[in-house]
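Visitor: Sequence:
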Amino acid sequence: MESVSDELLNAGIHDLKRGYTEDALLDTYRCLVCGHQTEKGIVYQEGGVFYEAEKSMRRHIQHEHHSMLDYLLSLDKKMTGLTDLQRKLIGFFHQGLSDHDIIAELDGGSTSTIRNHRFMLREKMKQAKLFLTVMELMEEGGKHAGRSSAAAAAKQAEPPLPGKLGERLNISEEEHEQIVRKYFAEGPGGGLSSLPKQEKRRVAVLRHIAGDFEEDRTYTEKEINELLEARYGDYVTLRRYLIEYGFLDRVPDGSEYWAKQPETKGKGTKNMKNQRRKELVEQYMNTPRPMGVFQIRNKQNGKIYVTSSTNMPGAMNGQKAKLASDYHVSPELQKDWKELGEDAFAFEILEELRPDPQAPNDLQQQKVYKDKVEKMEKEWLEKLQPYDEKGYNRRPRAR
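When we follow full-length UniProt numbering, the leftmost residue of the sequence shown carries the number 1, and every step to the right adds one.
Incorrect hints may appear among the rest.
[Claimed, not checked] Here are the simulated lysine-lysine pairs, BS3-like style, with alpha carbons at most 30 Å apart:
hint, residue 1, residue 2
1, K338, K372
2, K129, K222
3, K40, K299
4, K335, K367
5, K55, K375
[Claimed, not checked] What follows is a list of derived Cβ distance ranges for each label pair:
hint, residue 1, residue 2, range
6, G211, K338, 49 to 59 Å
7, L340, P313, 35 to 45 Å
8, Q300, L69, 18 to 28 Å
9, A104, E140, 40 to 50 Å
10, N170, E52, 45 to 55 Å
11, Q62, E226, 14 to 24 Å
12, E374, E177, 31 to 41 Å
13, Q365, G187, 48 to 58 Å
These are calculated hints, taken from the structure and not from any lab test.
Glycine is no exception: its CB is placed at the ideal position from the N, C-alpha and C atoms.
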């Protein structure tokens, strides 16, 4: 049987029952069984239906693992402390079978025996609650008295991690080195063999790769991609994880990136970095972005997908990220992208809306630009008809 993740073993009862954890820092949901993740703010498509992140995670648990009860009951006796008979009985009780039906399923026994088993399981539950409380109280006392010197030494040896990761993931220096040796078989400066599914290993790998970036330098997206691609083929996923886990930061449209300073560098350095980020974001917000209509064209069959944005560079990056992560709104485009690869497609501007140099760059003016761009998109959709055999857009419903 496959090993159980540390995250599952350390999860609370609430998370164990539903089968996933919520990371408020990263805005993600993570499956405790297989490590599958969904991200808040992203809509996931399944069978032509769109689901928000948490609903998509619940459907993943149901489809891939059937239910958390089934999964937990499948674990070894050493993990659950349950005998084969107890596991069967719990399954029957969960299904709501009567005592007589359970006897039939077991090919023997009596109703008094079934009732006795039910009573013993409830007693076991009471004991488990008390034992859990005792252990938590014991650990609280240990915190007040001070941790052992070995634990303290291991904590001091941990590599610095951004934000609250250092508190949540205990990665000792020895563990970090072992992970790097395993996933960088050609040496620390070589390529990444695979992206770990287990979070602790993944964070260690990301921290190692983050060392490729100079702390006081600003990178373009192209430079970031080239550095990451030298490490791992799927640089888009690698880049996303580096940002999610706080190793990299960027301006909203992704035109500038930089390595984030670990908190151990000191408040002064951190404040300077925050000020630099604030300046970059303000500069970005006050600079008009290219607005208009663009298409994604399949170079092999000529099919196109037409869309628009008041920030075309950001929208193009967003379209690429969705296609790379397999959650684009057009199933046909997603399928061809997956089969042919990114190089088989061209991103082309159809029409650009020039900003009014006299108008203030405020929310009201942005609304004016947005309405104009949407009108331009409708005109291009009417002109090109990118539907069915000609394109990937969904044909609008007849009114």
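Visitor: Against each hint, give a clear statement of whether it holds in the structure.
Guide: How the hints compare with the structure:
With a C-alpha separation of about 33 Å, the suggested pairing of K338 with K372 is violated against the 30 Å cut-off. Annotation: proposed proximity of K129 to K222 is violated, straight-line Cα distance about 54 Å (limit 30 Å). Of the supplied pair hints, the one linking K40 and K299 is violated, its CA atoms being roughly 33 Å apart against a limit of 30 Å. Proposed proximity of K335 and K367 is contradicted: the alpha carbons are some 34 Å apart, above 30 Å.
This hinted pair does not check out: K55 and K375 have alpha carbons roughly 33 Å apart, beyond 30 Å. The given range of 49 to 59 Å is broken by G211 and K338, whose C-beta atoms sit roughly 32 Å from each other. For the pair L340 and P313, the beta carbons lie near 23 Å from each other, so the given range of 35 to 45 Å is not met. Separation of Q300 from L69 is about 48 Å and departs from the stated range, judged on CB atoms against 18 to 28 Å.
For A104 and E140, the Cβ-Cβ distance of about 48 Å falls inside the hinted range of 40 to 50 Å, so the restraint holds. The supplied range of 45 to 55 Å is broken by N170 and E52, whose beta-carbon atoms lie about 32 Å from each other. At roughly 41 Å, the beta-carbon separation of Q62 and E226 lies outside the given 14 to 24 Å, and the hint is violated. A C-beta distance of roughly 54 Å is found between E374 and E177, which places it outside the suggested range of 31 to 41 Å.
Under the hint 48 to 58 Å, the C-beta atoms of Q365 and G187, about 54 Å apart, fit the expected range.
Of the numbered hints listed earlier, those contradicted by the structure are 1, 2, 3, 4, 5, 6, 7, 8, 10, 11, 12.
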